[in-house]
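*Asks:* The listed protein sequences derive, respectively, from chains S and A.
Quick note, the numbering used here runs 1 ahead of the 1-based positions in the first sequence.
Quick note, the numbering used here runs 1 ahead of the 1-based positions in the second sequence.
These aren't lab readings, by the way, just hints derived from the structure by calculation.
From the three backbone atoms N, C-alpha and C, an ideal C-beta is built for every residue, glycine too.
Keep in mind that the hints are not guaranteed to be accurate.
Computed from the model, here is a short list of chain A residues facing chain S with C-beta under 10 Å [said to hold, decoys possible]:
#1 T51
#2 T85
#3 R120
#4 P122
#5 S225
#6 W310
#7 A314
#8 V322
#9 S347
#10 E349
Protein chains: 2
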Amino acid sequence: MYKIEQIDSGVVAPSGFFADGVSAGLKSDNQLDLGFIRSEKPSTIGAVFTTNRMTASPIKKFRKDGVVETDFILVNSKNANAMTGEAGVSDIEDIFGELESSYKLHNPVMSSTGVIGVRLPKDKIIAGAKSFNLNSRNSDSFSRAIMTTDSYPKEIAFRVTLKSGESFSIGGVAKGAGMINPSMATMLAFITTDAKLSNSEIDNLLQSEVRTTFNAISVDGDTSTNDSVFLLANGESGLSGDSEAFREALQRVMKHLALQIVSDGEGAKKLVSFHITGAGSDSDAEKVAKKLGDSLLVKTALFGEDPNWGRIASTVGTAGVDCSEEKLSIAYEDVIVYDKGENLFSDEVENRAYQVMKKDRFTINCDLGIGTGEFKSYACDLGYEYVKINADYRT
Amino acid sequence: MYKIEQIDSGVVAPSGFFADGVSAGLKSDNQLDLGFIRSEKPSTIGAVFTTNRMTASPIKKFRKDGVVETDFILVNSKNANAMTGEAGVSDIEDIFGELESSYKLHNPVMSSTGVIGVRLPKDKIIAGAKSFNLNSRNSDSFSRAIMTTDSYPKEIAFRVTLKSGESFSIGGVAKGAGMINPSMATMLAFITTDAKLSNSEIDNLLQSEVRTTFNAISVDGDTSTNDSVFLLANGESGLSGDSEAFREALQRVMKHLALQIVSDGEGAKKLVSFHITGAGSDSDAEKVAKKLGDSLLVKTALFGEDPNWGRIASTVGTAGVDCSEEKLSIAYEDVIVYDKGENLFSDEVENRAYQVMKKDRFTINCDLGIGTGEFKSYACDLGYEYVKINADYRT
C-alpha cells in the first residue's frame with residue numbers, strides 16, 4: 002500500500018525546511034550551541050510538553066501565545082530558562098524583538114535546555130542568531146547545537162511513497178541522554194514533515210504516539226522543566242498526513258529517537274527492553290514495565306550483567322498492580338528463569354541467562370499470567386559513569 | 002512528667018528478653034548469620050510488613066498463623082526465603098518442627114533477609130539454631146547476625162521513668178542499608194519492651210509511628226519482599242504502654258534506627274533531611290519530601306556537594322502536588338538560594354550553600370508557600386560505591 006524508506010538529512014529531509022547550528026559562546030571551545038529550524042512557509046505546529054509544574058519559560062511563552070503556526074524555532078543549549086519567572090518569558094520576547102531587524106519571523110518559537118535558574122545570556126543568543134544562514138540545510142549542525150550531556154547527535158528521516166507514486170517525508174532530531182530517562186535530563190524532539198496536517202491532527206497524533214515511544218523510556222511521570230516534542234507540518238508535498246502511512250512513519254521517527262536517547266543514557270552500555278505481557282490491562286503492564294525501567298537495583302544488575310531475577314520479581318511486586326508469584330514468569334530473551342512459582346535456575350540456565358545479559362541489546366520478558374495487557378519499556382544500565390556525569394554536571 | 006534516658010543492650014534492655022547470634026555457615030568466614038530474640042514469657046507481638054505483592058514466605062507464614070503472641074523470633078541473613086512458593090512456608094515449619102526436640106517454643110516466628118528465589122538451607126539453619134545459648138543477652142551479636150550489606154550493626158534502647166519512679170524499657174535492633182531506602186534492600190526491625198500492650202495497641206502504634214520514621218526514609222511505596230517491623234511486649238515491668246511516654250520512646254527508637262539505616266546507605270557519606278513546609282497538606286509535603294529523597298539527580302548532586310537548587314526545584318515540580326515557582330523557596334540550612342521566584346545565587350551565597358553541603362549532616366528546606374502541610378524525609382548521597390555494591394551484590 003505504501004513504502005517507508007529511511008533517508009538522510011533529519012529535519013531538513015521534508016521539502017521547505019531549513020536548519021543549522023552555530024557557536025554563540027554558550028558552550029566552551031566554540032562548540033555549536035544555538036540552532037534553528039525554519040520553514041519557508043508557515044507550518045502548523047503542535048507539541049506535547051512536560052508535566053512538571055515548574056514549567057520552563059519557553060513553554061510558558063508558547064502556551065501564552067497559543068501558537069498554532071510558525072516558521073521559526075530557535076533552540077539553545079546550556080541554559081534551560083527555567084525558574085526564571087516573568088523575566089524568563091520577556092527575555093524570549095526581547096530576543097525575538099531584536100531579531101526582527103534582521104529576519105521577518107512569523108510567530109517564532111523558542112526551546113531551551115541546560116541549567117535551571119539562570120537568566121538567558123540574551124546578547125550572546127541575539128548575536129549568534131544574527132549569524133545564522135537561514136538558507137542552510139544542515140540538520141546535523143542543528144542536532145549538535147542542542148546537545149547537552151548527549152554523546153552523539155540523534156536524527157532520522159523517512160520518505161513515504163504511496164501507491165499512487167506520490168510521496169511525503171518526515172524527519173526528526175532529538176536531544177537527551179538521561180539515565181532515568183527524560184526525568185529532569187531534558188528531552189527535546191523536533192519533527193518536521195511536508196505532509197499537510199491541521200493543528201488538532203498534530204496534537205492527537207503526538208498524544209497517542211508519545212505513549213509507546215518517548216514516554217516508554219520515561220518513568221513515574223518524572224519529566225524535566227523543559228521536555229518538549231514539537232511537530233511542524235508545512236503541507237509542501239500536497240499530501241495529507243491524516244493516513245495510516247503517516248502515523249506509521251511518525252511512530253518510527255519517534256521510536257527511533259526515543260531509543261537513541263535511552264541508548265545514550267549517561268554512561269550506559271546496554272539498551273534493555275522490558276516486555277510485559279499477561280497483565281490485567283495495558284495500563285497495568287505499562288506500570289510494571291516502567292517500574293522495572295526505573296529501578297536502580299535492576300539497572301545496576303544490568304550493569305553488572307547479573308541475571309538476578311529476584312530483583313525483577315521484587316520490582317514487579319511493587320508496581321501496585323495485580324500479580325502473584327504463582328502466576329509470574331520471567332525470561333531473559335528465551336531463557337526462562339522463573340516459571341509460575343518454579344525457580345528454573347541451574348548452573349546451565351544461569352549461564353545462558355548471563356550470555357544474554359552480556360549482549361548490548363536484549364529483552365527481559367515478564368508474563369504476569371493474569372490477562373492480556375501488554376507494554377514494552379526501554380532502559381539502559383546504570384554504572385559508574387552516570388554518577389560521575391551527574392555529580393559533576395553543573396560545574 | 003517522665004524521663005527518657007538512653008541505655009545499653011538493644012533488644013535485651015527490657016527485662017525478660019534474651020538474644021544472640023551464631024555462625025550457621027550461611028555467610029562465609031564464620032561470620033554471624035543466624036540470630037534469635039527470646040522472651041521468657043510469651044509476648045504480645047504486632048508487625049507492619051512490606052506492601053510488595055511478592056511477599057516473602059516468613060511474612061506469609063506469620064499471617065497464615067495469625068500470630069498474636071510468641072516467645073521466639075528466629076532471624077537469618079543471606080537468604081530471603083522469597084519467591085519460594087509453598088515450599089518456602091513449609092521449610093519454616095520443618096525448621097521449627099526440628100527445633101521442638103531441643104526447645105519448647107510458643108508460636109515461633111521467623112524473619113529472613115538475603116537473596117530472593119533460593120530455598121532456605123534448612124539443615125544449616127537447624128544445626129545453627131540448636132547451638133543457640135537461649136539464656137544469652139547479646140543484642141550486639143543478634144544485630145550483627147542479621148546484617149547483609151550493612152556496614153555497622155544498628156541498635157538502641159531507652160529507659161522511661163515515670164513521675165511515680167516506676168520505669169519500663171524499650172529496645173530495638175534493625176538491619177538495612179539500601180540507598181533507595183528500604184526499596185528492595187530489605188529493612189528489618191525488631192523492637193522489644195517490658196511495658197504491657199495489647200495486640201491492637203501494638204498494631205496501632207506501629208502503623209502511626211512508621212510514617213515519620215521507617216517510611217520517611219522509604220519512597221514510592223517501594224519495599225522489598227521481606228520488609229518487617231516487629232514489636233514484642235512482655236509486660237514484665239507491670240506498666241502499661243498505652244501512654245504518651247511509651248509512644249515518645251517508641252518513636253525515638255524507630256527514628257534512631259531509621260536514621261541509622263539511611264546513614265548506612267550503600268556507600269553513602271551524608272545524611273540529608275528534606276524538610277518540606279508550606280504545602281497544601283501534610284500528605285502533599287510527604288510526597289515532595291519523598292520525591293526529593295528518591296531523586297537520582299538530587300542524590301548525585303549531594304554526592305558532588307553541588308548546591309544545584311535547580312534540580313531541587315524541578316523535582317518538587319514532579320511530585321504531583323500544588324506548587325509554583327512564584328511561591329517556592331529553597332534553602333540549604335539557613336542559606337536561602339531561591340525565594341518566591343527570585344534566584345538569590347551570588348558567588349557568596351553559592352559558597353555558603355557549598356559550605357553547608359560539605360557537612361556530613363544537613364537539612365535542605367523547601368517552603369511551598371501554599372498552606373501549612375509539613376513533612377521531613379531523610380536520604381543519603383549516591384556515589385560510586387552504590388553502583389559497585391549493587392552491581393556485585395548477588396555473586
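*Asks:* Against each hint, give a clear statement of whether it holds in the structure.
*Replies:* The hints, checked one at a time:
For T51 of chain A, the shortest C-beta to C-beta distance to chain S is roughly 8 Å, which falls under 10 Å, so the interface hint holds. Look at T85 of chain A: its Cβ gets to within about 8 Å of chain S, closer than 10 Å, so that hint holds up. Satisfaction of the interface hint for R120 of chain A is found here, the shortest Cβ-Cβ separation to chain S being roughly 8 Å, below the 10 Å cut-off. Hint on P122 of chain A is violated. Least Cβ distance to chain S is approximately 15 Å, over the 10 Å limit.
At a threshold of 10 Å, the smallest CB-CB gap from S225 of chain A to chain S is about 6 Å, leaving the interface hint in force. A cut of 10 Å between beta carbons decides the hint on W310 of chain A: the least distance to chain S is about 6 Å, and the hint holds. Evaluation of the A314 of chain A hint against chain S yields a held restraint, the C-beta minimum of about 5 Å falling below 10 Å. A hinted interface residue such as V322 of chain A counts as satisfied when its beta carbon comes closer than 10 Å to some beta carbon of chain S; here the least separation is about 8 Å, so the hint holds.
Because the beta carbon of S347 of chain A sits about 12 Å from the nearest beta carbon in chain S, more than 10 Å, this interface hint is broken. For E349 of chain A, the interface hint is violated, since its Cβ never comes within 10 Å of a Cβ in chain S; the closest pair sits about 16 Å apart.
The structure fails hints 4, 9 and 10 (numbered hints given earlier, in ascending order).
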